[in-house]
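Whole structure, please, built from the sequences with the hints as guidance.
2 protein chains.
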Amino acid sequence: MTIERIWTASLLVIGDEILSGRTQDRNVSPIATWLNVQGIRLAEVRVVPDDSERIGEAVKALRDRYDYLFTTGGIGPTHDDITVDAIAAALGVPVVVHPRARAALEAHYAGRGGVTEARLRMARVPEGADLIENPASGAPGIRVGNIFILAGIPQVAAMMLEALSGTLEGGRPLLSSTVGCWAPESEVAELLADTERSHPGCQIGSYPFFREGRGGANFVIRSPDAARLEACRADLVERLEAEGRAVVAEGI
Amino acid sequence: MTIERIWTASLLVIGDEILSGRTQDRNVSPIATWLNVQGIRLAEVRVVPDDSERIGEAVKALRDRYDYLFTTGGIGPTHDDITVDAIAAALGVPVVVHPRARAALEAHYAGRGGVTEARLRMARVPEGADLIENPASGAPGIRVGNIFILAGIPQVAAMMLEALSGTLEGGRPLLSSTVGCWAPESEVAELLADTERSHPGCQIGSYPFFREGRGGANFVIRSPDAARLEACRADLVERLEAEGRAVVAEGI
Chain A
2 MTIERIWTAS LLVIGDEILS GRTQDRNVSP IATWLNVQGI RLAEVRVVPD DSERIGEAVK
62 ALRDRYDYLF TTGGIGPTHD DITVDAIAAA LGVPVVVHPR ARAALEAHYA GRGGVTEARL
122 RMARVPEGAD LIENPASGAP GIRVGNIFIL AGIPQVAAMM LEALSGTLEG GRPLLSSTVG
182 CWAPESEVAE LLADTERSHP GCQIGSYPFF REGRGGANFV IRSPDAARLE ACRADLVERL
242 EAEGRAVVAE GI
Chain B
2 MTIERIWTAS LLVIGDEILS GRTQDRNVSP IATWLNVQGI RLAEVRVVPD DSERIGEAVK
62 ALRDRYDYLF TTGGIGPTHD DITVDAIAAA LGVPVVVHPR ARAALEAHYA GRGGVTEARL
122 RMARVPEGAD LIENPASGAP GIRVGNIFIL AGIPQVAAMM LEALSGTLEG GRPLLSSTVG
182 CWAPESEVAE LLADTERSHP GCQIGSYPFF REGRGGANFV IRSPDAARLE ACRADLVERL
242 EAEGRAVVAE GI
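Heads up: the sequence lines are chains A and B, in that order.
Residue numbering for the first sequence follows the working numbering, starting at 2 and increasing by one per position.
Residue numbering for the second sequence follows the working numbering, starting at 2 and increasing by one per position.
Incorrect hints may appear among the rest.
Copies of the same chain look alike in the list, so a pair counts if it fits in one copy or across any two.
Stated by the list, open to error - List time: in silico SDA-like cross-link candidates among lysine to any residue, alpha-carbon distance up to 25 angstroms:
no.	residue 1	residue 2
1	61	95
2	61	50
3	61	91
4	61	9
5	61	200
6	61	226
7	61	214
I should point out that these hints are in silico values taken from the structure, not numbers from a laboratory.
Structure (structure tokens):
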């Protein structure tokens, strides 16, 4: 038996606007989903303010602990965009203008006023960094070591991920299967725990809801192994039906 | 001149379902907004998996660093609800059944099958904890020291917050004012930085968007001082209009 290597990532969301409550984060869920397709598990998320020290501290902690670190936010042209400087400082390297990023900005802003000093900020990278090109804007994402610096605007971040698809080493994706049940989870808690114990390599999460006056729950089974996942799912459905519970095969 | 005490909080989101990408978090933004009304700044968010050690580690780091720590998720009746045990272990105290929580569950489940072993799990608290009562379910939230343990279901978490309103010591809320502008932020970057520099105690964040083929940005000014905020806002609008920019007073 070989021990399976599990690849992990963390995500650092940089943004006063998330912490103030003004903006609902829209990056965590799609990045988590994308990572899983690459065979990488999102193992931690942190949200910190637009503050160099706090960004640097989180970057140092997270890049050492996980295989990959992704960041979102703070790479635009304005004074509050400090991600590149904060990460360079954390890595102990200077900030330089990347020649290809500069060329991309020049192409993008040709006929739109050209590359101003503010726009040139978007070509600055920590020394030694590579670009994550994307068609959405002149400003590319940045890769430096195991750190991937993405835009905060979800549509732009998504295009940067698209450009990275298939380029990162990963393992087997975590598969999942959902079983819905019109029963309060407290009535099937023991059944769930017993089922999980009978299926090593599978985890069952229980996510209750109340809808139209009725209580129910979705049970999400997760495993990297498709056969084990299916065996656990079938067993769970059988046990629930044996108790006379109303089961919805694909979740509710 | 007195130095103003700033009260801070952190939020620990406990949930494999967030990290897998399956579920979009719906607690961070309302909790951030609620905290600000209490005069408390949300200074950090972490999302960790349903894993005792990872929860305990984050709890220890965050409760020492900030005035308050809130957690969401993992306090239901099923085997994957391990928040109470993980926090008690981190604090080095045993888990006990809280008599008033037990009584609340008995009242809630009278005529609905009574308090089973699974349901009684929801009356378990770290020793020395108080309850955060709420009308939504038999299961209360939990306060232990500066840690507030809330449900993961947003509607239930919101009712627990409602019960806590006005009970936590805080300072002045951070006020904000938004100015929208139909200009790419890169064209007004210097203007923004100059305006911020002219108004100590105010911060200006720039949040770009692309809509209907046009680029624009919202500039969010933040300050705990209403007079300074208004002076900064008025100055920003004047500077933008002096450049002939199309300004939308309440943001776009």
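Hints and how they fare:
| no. | hint | result |
| --- | --- | --- |
| 1 | 61 / 95 | within (16 angstroms within a copy, 34 angstroms between copies) |
| 2 | 61 / 50 | both (16 angstroms within a copy, 20 angstroms between copies) |
| 3 | 61 / 91 | both (7 angstroms within a copy, 24 angstroms between copies) |
| 4 | 61 / 9 | both (16 angstroms within a copy, 23 angstroms between copies) |
| 5 | 61 / 200 | neither (37 angstroms within a copy, 33 angstroms between copies) |
| 6 | 61 / 226 | neither (33 angstroms within a copy, 34 angstroms between copies) |
| 7 | 61 / 214 | neither (48 angstroms within a copy, 39 angstroms between copies) |
When each numbered hint is compared with the structure, violations occur for hints 5, 6 and 7.
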